[in-house]
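Residue numbers (the numbering used here), protein chains in the order written: chain A, 1 to 77; chain B, 78 to 365.
Bear in mind the hints are in silico, worked out from the structure with no lab data behind them.
Here the structure is a predicted model, which means the values were calculated and not measured.
Among the hints, a few may not be true.
Derived list of chain B stretches under chain A, where covered just means 3 residues or more per stretch with a C-beta under 8 angstroms from a C-beta of chain A [as the list claims (entries may be wrong)]:
| # | region |
| --- | --- |
| 1 | 87-96 |
| 2 | 289-301 |
| 3 | 304-316 |
| 4 | 340-350 |
We put the CB at the ideal spot given by N, CA and C, even for glycine.
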Amino acid sequence: MEHALLVIAAALMMGLGAVGAAIGIGVLGGRFLEGAARQPELIPMLRTQFFIVMGLTDAVPMIAVGLGMYVLFALAG
Amino acid sequence: MAAGETITSSEYISHHLTNLVLGRFADGHWGLAHSAEEAKEFGFWAIHLDTMFWSLLLALFFSYLFWKAAKNATAGVPGKLQNFVEIMVEFVDNSVKGSFSGRNPLVAPLALTIFVWVFLMNLMDLVPVDLIPRIAGWLGVHHMRVVPSTDPNVTFALALGVFVLIIYYSIKIKGVGGFVRELTGTPFETKSPLLKPFFFVVNLLLEGVNLLAKPVSLSLRLFGNMYAGEMIFILISLMYGAGWALGLFGGALQFVWAVFHVLVVTLQAFIFMTLTIVYLDMAHNEHH
Numbered sequence: 001m002e003h004a005l006l007v008i009a010a011a012l013m014m015g016l017g018a019v020g021a022a023i024g025i026g027v028l029g030g031r032f033l034e035g036a037a038r039q040p041e042l043i044p045m046l047r048t049q050f051f052i053v054m055g056l057t058d059a060v061p062m063i064a065v066g067l068g069m070y071v072l073f074a075l076a077g
Numbered sequence: 078m079a080a081g082e083t084i085t086s087s088e089y090i091s092h093h094l095t096n097l098v099l100g101r102f103a104d105g106h107w108g109l110a111h112s113a114e115e116a117k118e119f120g121f122w123a124i125h126l127d128t129m130f131w132s133l134l135l136a137l138f139f140s141y142l143f144w145k146a147a148k149n150a151t152a153g154v155p156g157k158l159q160n161f162v163e164i165m166v167e168f169v170d171n172s173v174k175g176s177f178s179g180r181n182p183l184v185a186p187l188a189l190t191i192f193v194w195v196f197l198m199n200l201m202d203l204v205p206v207d208l209i210p211r212i213a214g215w216l217g218v219h220h221m222r223v224v225p226s227t228d229p230n231v232t233f234a235l236a237l238g239v240f241v242l243i244i245y246y247s248i249k250i251k252g253v254g255g256f257v258r259e260l261t262g263t264p265f266e267t268k269s270p271l272l273k274p275f276f277f278v279v280n281l282l283l284e285g286v287n288l289l290a291k292p293v294s295l296s297l298r299l300f301g302n303m304y305a306g307e308m309i310f311i312l313i314s315l316m317y318g319a320g321w322a323l324g325l326f327g328g329a330l331q332f333v334w335a336v337f338h339v340l341v342v343t344l345q346a347f348i349f350m351t352l353t354i355v356y357l358d359m360a361h362n363e364h365h
């Protein structure tokens, strides 16, 4: 029973994190493309900022993925 | 890993996830842990020897490389090493100039160290999963994890160093009073003495979480990315034990994942450096 609960917990952590990250980065990417289409000469700068904000948006979902993998493999065997 | 003995896939995975732990046994003698349970008994004083070794080795390698380039630097046509080091230094310099508005000679070298060191530590993830642990096994060392940034000890150490610097510079630039005022007086400000204690508590809660979130998110972001990446490498390498066809397919998958992971490796080092610069900039500024 405990093993099953651990596996479900890991799945929930990774799944919900994935949903959050996907929606957030999707919106961010859309705004990036919009800005790039308006002012193509700013693309390098926008690209740098895009990656910075993507790293921030990805942080908590990635923390969830890391901890989920730990739960799945180190705790639940 | 003893030769000639077949192990299950979960044993393979847990073997690759176990650090080489030095610690004090219950009866007082120091020695290496032989299993994860023994390592857990060591408690706080467990030392992950493999993490220490690889992180220090990479730090020495980075220091030696950059020192050599600086020592042999010429004003004429630069050689390859000098060229490379100049590209790195210029890149970090531009990043710092773009995000840091104060005057502090510590920030740019700190940013360079963080970027190159974290990048090198992350790069160890691209070494094939079994290569170094197998060689270490021949030399008698039975557990070895070569990527220091998958060890939360390392990422927390880096983030705590940055956190100490944030608090130090906040107090140095704004004074203890100014620092405390910033933590308890913003974002809700009031002149009425009735509301002051109530806002004090609310502000402290909000600003406290904001302050503590910085090192925690910095360290766990790097840890999560690297741990997940290493995990996937280990899982794909499980395929090598399943016959020729799956083995070749596993090889191709490893290559594809490694190519993607190069982006993650560089990006995480860059994000760690950029956030360090931004946090230090926030510590230097007078108010929000």
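Hint check results:
For the region 87-96 of chain B, the stated coverage by chain A is satisfied: 4 residues place a CB nearer than 8 angstroms to a CB of that chain, which reaches the threshold of 3. Residue count for the region 289-301 of chain B with a Cβ under 8 angstroms from a Cβ of chain A: 5. That meets the three needed, and the coverage hint holds. Using a Cβ-Cβ cut-off of 8 angstroms, 3 residues of the region 304-316 of chain B lie near chain A, which meets the minimum of three, so the contact claim holds. Given as covered by chain A, the region 340-350 of chain B passes the check, having 4 residues with a CB less than 8 angstroms from a CB of that chain where 3 are the minimum.
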